[in-house]
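**Q** From first to last, the protein sequence lines stand for chains X and C.
Following the working numbering, the numbering of the first sequence begins with 1 at its first residue and continues without gaps.
Following the working numbering, the numbering of the second sequence begins with 1 at its first residue and continues without gaps.
Hints are computed from structural coordinates only; laboratory data are not their basis.
Cβ atoms here follow ideal geometry from the backbone N, Cα and C, with glycine treated the same way.
It is possible that part of the hints are untrue.
Stated by the list, open to error - Chain C side only, calculated, beta carbon under 10 Å to chain X, not exhaustive:
| # | residue |
| --- | --- |
| 1 | G55 |
| 2 | L57 |
| 3 | Q87 |
| 4 | A88 |
| 5 | D92 |
| 6 | W93 |
| 7 | A151 |
| 8 | L160 |
What the hints assert, rightly or not - Sample of chain C residues with no beta-carbon within 10 Å of chain X, all distances over it, derived:
| # | residue |
| --- | --- |
| 9 | S7 |
| 10 | G14 |
| 11 | P18 |
| 12 | H26 |
| 13 | H109 |
| 14 | S155 |
| 15 | R214 |
| 16 | S220 |
| 17 | A237 |
| 18 | T243 |
| 19 | E248 |
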Amino acid sequence: MTRLRALWPPVVFGVGFLMLWEAAVRGFGIEEFLLPKPSSILSALRTEWAGEVGGGRITNLREAGWETGKVAVLGLILGVVLGAGLALLTTRFRLLRDSFTPLAVVANATPIVALAPIFNAWFGITGMASNVAVVIAVVFFPVFINVARGLTEVGPSQLELMRSYAASPATVLRQVRIPNAMPFFAVSLRLAAPLSVIAAIVAEYFGGPTNRLGPVITQNASFSRYDNAWAAIVVASVLGLVLFGIALFIGRLVTPGQRTELL
Amino acid sequence: MTAVKISDLSMTFGAGTPAQVNALDHVNADIAEGEFISLIGPSGCGKSTMLRLIGDLLEPTSGGVEVFGKPSAQARLDRDYGMVFQQAGLFDWRTVSANVELPLELMGHSKADRSTRSRQMLELVELGDFGKSYPWQLSGGMQQRVAIARALSFSPRLLLMDEPFGALDEMTRENMQTEVLRIHKELGTTIIFVTHSIAEAVFLSNRVIVLSPRPGRIHSIIDVELGRRDAAIRESAEFFKKTTEVREALRGIESGGIESGGIESGGIESGGIETGDPQ
Numbered sequence: 001m002t003r004l005r006a007l008w009p010p011v012v013f014g015v016g017f018l019m020l021w022e023a024a025v026r027g028f029g030i031e032e033f034l035l036p037k038p039s040s041i042l043s044a045l046r047t048e049w050a051g052e053v054g055g056g057r058i059t060n061l062r063e064a065g066w067e068t069g070k071v072a073v074l075g076l077i078l079g080v081v082l083g084a085g086l087a088l089l090t091t092r093f094r095l096l097r098d099s100f101t102p103l104a105v106v107a108n109a110t111p112i113v114a115l116a117p118i119f120n121a122w123f124g125i126t127g128m129a130s131n132v133a134v135v136i137a138v139v140f141f142p143v144f145i146n147v148a149r150g151l152t153e154v155g156p157s158q159l160e161l162m163r164s165y166a167a168s169p170a171t172v173l174r175q176v177r178i179p180n181a182m183p184f185f186a187v188s189l190r191l192a193a194p195l196s197v198i199a200a201i202v203a204e205y206f207g208g209p210t211n212r213l214g215p216v217i218t219q220n221a222s223f224s225r226y227d228n229a230w231a232a233i234v235v236a237s238v239l240g241l242v243l244f245g246i247a248l249f250i251g252r253l254v255t256p257g258q259r260t261e262l263l
Numbered sequence: 001m002t003a004v005k006i007s008d009l010s011m012t013f014g015a016g017t018p019a020q021v022n023a024l025d026h027v028n029a030d031i032a033e034g035e036f037i038s039l040i041g042p043s044g045c046g047k048s049t050m051l052r053l054i055g056d057l058l059e060p061t062s063g064g065v066e067v068f069g070k071p072s073a074q075a076r077l078d079r080d081y082g083m084v085f086q087q088a089g090l091f092d093w094r095t096v097s098a099n100v101e102l103p104l105e106l107m108g109h110s111k112a113d114r115s116t117r118s119r120q121m122l123e124l125v126e127l128g129d130f131g132k133s134y135p136w137q138l139s140g141g142m143q144q145r146v147a148i149a150r151a152l153s154f155s156p157r158l159l160l161m162d163e164p165f166g167a168l169d170e171m172t173r174e175n176m177q178t179e180v181l182r183i184h185k186e187l188g189t190t191i192i193f194v195t196h197s198i199a200e201a202v203f204l205s206n207r208v209i210v211l212s213p214r215p216g217r218i219h220s221i222i223d224v225e226l227g228r229r230d231a232a233i234r235e236s237a238e239f240f241k242k243t244t245e246v247r248e249a250l251r252g253i254e255s256g257g258i259e260s261g262g263i264e265s266g267g268i269e270s271g272g273i274e275t276g277d278p279q
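Next up, chain C with everything else stripped away, as it sits in the complex:
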């Protein structure tokens, strides 16, 4: 079954102004249920925008996204997906387990159910002993694991991850990747994962979607079938071959004379749409 169907999706920021950016330009893609998909590309290629359009956090200029056969807006209202950002975005005033319970609380689950779920989820991300801690008492990697536990707490069938390990050191990052793969295998959740790291994309994914910027388009889709994925595979010839393939695709974009930098940082994350407005 198709988890996400992207049809003729376009997104323009600041239309009609000198700062106009074509973040996405008539993009089509199908993502099957249970797949692990990475979106990779230079800054400004629209990968974060694509993720936000799938999650209905932004309104597309034209085209549409279907999530599990429904319009993305309906999927959001039905809480069909969980979301993890680069910043863990935990609430300082809540304990770790209360953070994990937040979505369940909003969905009206009973107290007993919430605490059972949060205990399970914290076990899943190997933080079983930290439920009563506060976020600031945890390291960056641990905070990000709490964010993952929170995103999974209500058993969404789709997980959207926006550079979730971008702020972590290399070793922590590799451990987190292993963990996410284990969770993916255990729960069968469809995962769409935005990253800057070629090795990360190849290690994690069934398919890597390479995006090119200005206007944001799908440059190529690379199938990765690594079989078992453990520390050893990172040093295998197979792995090297796939990372090279992705790297060459990215280099093909670069040599196309496109400069990098732009919309991801300027247009969305720090932009005005969500940040300034009290809702």
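Pulled out of the complex, with its shape left as it was, chain X reads as follows:
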């Protein structure tokens, strides 16, 4: 019941917003290339969902969504594993922490997607490797930094308590640091999941196979097929939402008994 109650305000708001959008485009006579009506986007979604590519048609949204989804998910998984794994190692080995963590913080402040063209040169533009590499690089830092913080920001009295039990460092890691890092890990997953889709699409703008959401958006836009471009954006949003939902679910699994905030 409470869940349903929490659901209806955003649904009502969303439907109202779409209706207002539709009415505004019709009422003010806004050109479709500036802002297509939601109904036009919906019909583009229908016709382009599984369209035959070739002969002037450039869009197959189902395929594009699937391919971009693969890039995002693969990059997300690898980035999360790498970020959390390195965070664990830096907590365990002081030298690694002192040398690597400051670098990671600096690297985190640089816009990673700017590296996409360079990754294309490194990993090639024919396969998905280059785009996946961009997603990994984007996902890695929030996960690494959050998990590392969760592993180190442990209450001083909790550490003293463990010392009073004569607990070994490995026990402290297993019983205190890792569980303490779980809410941080959950937050980083919720950050990283939508980020992975953004990174995948931006990377695709810079090159790679054309049957992906990124090229589909740019090509349709250049042919003034804005309804199709918007339809591709809708697919991308749904992809991001699905990944966010999965991240939320995993986050709840790893933090049993703790309250989960949406943001």
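Chain X is already provided as a structure; the job is to place chain C on it using the hints.
**A** Only chain C this time, still in chain X's reference frame:
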């Protein structure tokens, strides 16, 4: 039998630096088994440091502590004492009973044994119905009672308490004091209790050790024999006489021109020794 023997104990933080603090300076004390001892004094007098040295959570600069006839380090390894801090320090990801069971788990007790013990301990602190709750669902006073149950779960003969009720409101605090006294009577555990509150120290203790700061020394030891301890005793002439005695001892320190503030907050609790380092 002597529970804790403190011999010529000194502790200096930041030796050789401008921030050098003589937290404890050649302190001697004997604490008998079954005693309830309070350590009281202005901020910076080294009372928390003394407690941590007894528990081997810090290394003394010189001198030593024996707990039940063993060096304190050995006593820690033998898990001879339980510890309760101002923050309950419960683990959010564990239920209340799993928190109480943690020390038993680390000591390799069987599952059945652990759940029996944790049920007993939660009954003891009157939280029998809350085993399945999570810490954040409990009030501050209840969380602190869970911390006490956890400290007692493995039946240590010594309980070290560092301002355990400092963060609680007055009424909860008095209830907790009554409860700790009941536990002390029931289990016969030796208790060393750090506090800022004169009334608390007098109400709870057999002896109150008054410490003076910079350098941290024992200023005086006040014997308290109140007999039965209940709500009524707090309003008795006897109680008033003892609190006055402790207050005057503390005032004697203050008028000695010593300013307060310092090491307890700056040097230990938030300090770097334990907090920052992954072990």
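**Q** Can we trust that S7 of chain C is non-interface, i.e. its beta-carbon lies farther than 10 Å from all of chain X?
**A** holds (21 Å)
**Q** Just double-check S155 of chain C for me: nearest Cβ-Cβ distance to chain X has to come out over 10 Å.
**A** About 14 Å separates S155 of chain C from the closest Cβ of chain X, which puts it past 10 Å; holds.
**Q** Close enough to count: is the Cβ of L57 of chain C nearer than 10 Å to one in chain X?
**A** holds (5 Å)
**Q** Is it correct that the beta-carbon of R214 of chain C has no partner in chain X closer than or equal to 10 Å?
**A** Given that every Cβ of chain X is farther than 10 Å from that of R214 of chain C, nearest at about 23 Å, it holds.
**Q** Confirm or reject: A237 of chain C is not an interface residue toward chain X, with every Cβ-Cβ distance exceeding 10 Å.
**A** Non-interface label on A237 of chain C holds, nearest chain X Cβ at 39 Å vs cutoff 10 Å.
**Q** Would the hint on A151 of chain C stand, with a C-beta cut-off of 10 Å toward chain X?
**A** holds (9 Å)
**Q** Does H26 of chain C really sit off the interface, with its C-beta more than 10 Å from all C-beta atoms of chain X?
**A** At about 25 Å from chain X, H26 of chain C clears the 10 Å cut-off, so the statement holds.
**Q** Does H109 of chain C clear chain X by more than 10 Å, comparing its Cβ with all Cβ atoms of that chain?
**A** holds (12 Å)
**Q** Measuring Cβ to Cβ, find out whether E248 of chain C lies farther than 10 Å from everything in chain X.
**A** Given that every Cβ of chain X is farther than 10 Å from that of E248 of chain C, nearest at about 33 Å, it holds.
**Q** Using Cβ atoms and 10 Å as the threshold, tell me whether G14 of chain C really stays out of contact range of chain X.
**A** holds (18 Å)
**Q** Does A88 of chain C pass the interface hint, meaning its C-beta sits closer than 10 Å to a C-beta of chain X?
**A** Hint holds; A88 of chain C Cβ to chain X Cβ min 9 Å, cut 10 Å.
**Q** Using 10 Å as the Cβ threshold, decide whether W93 of chain C counts as touching chain X.
**A** Cβ of W93 of chain C sits 4 Å from chain X, so the hint holds.
Figure legend: structure checked against the earlier numbered hints; every hint is met.
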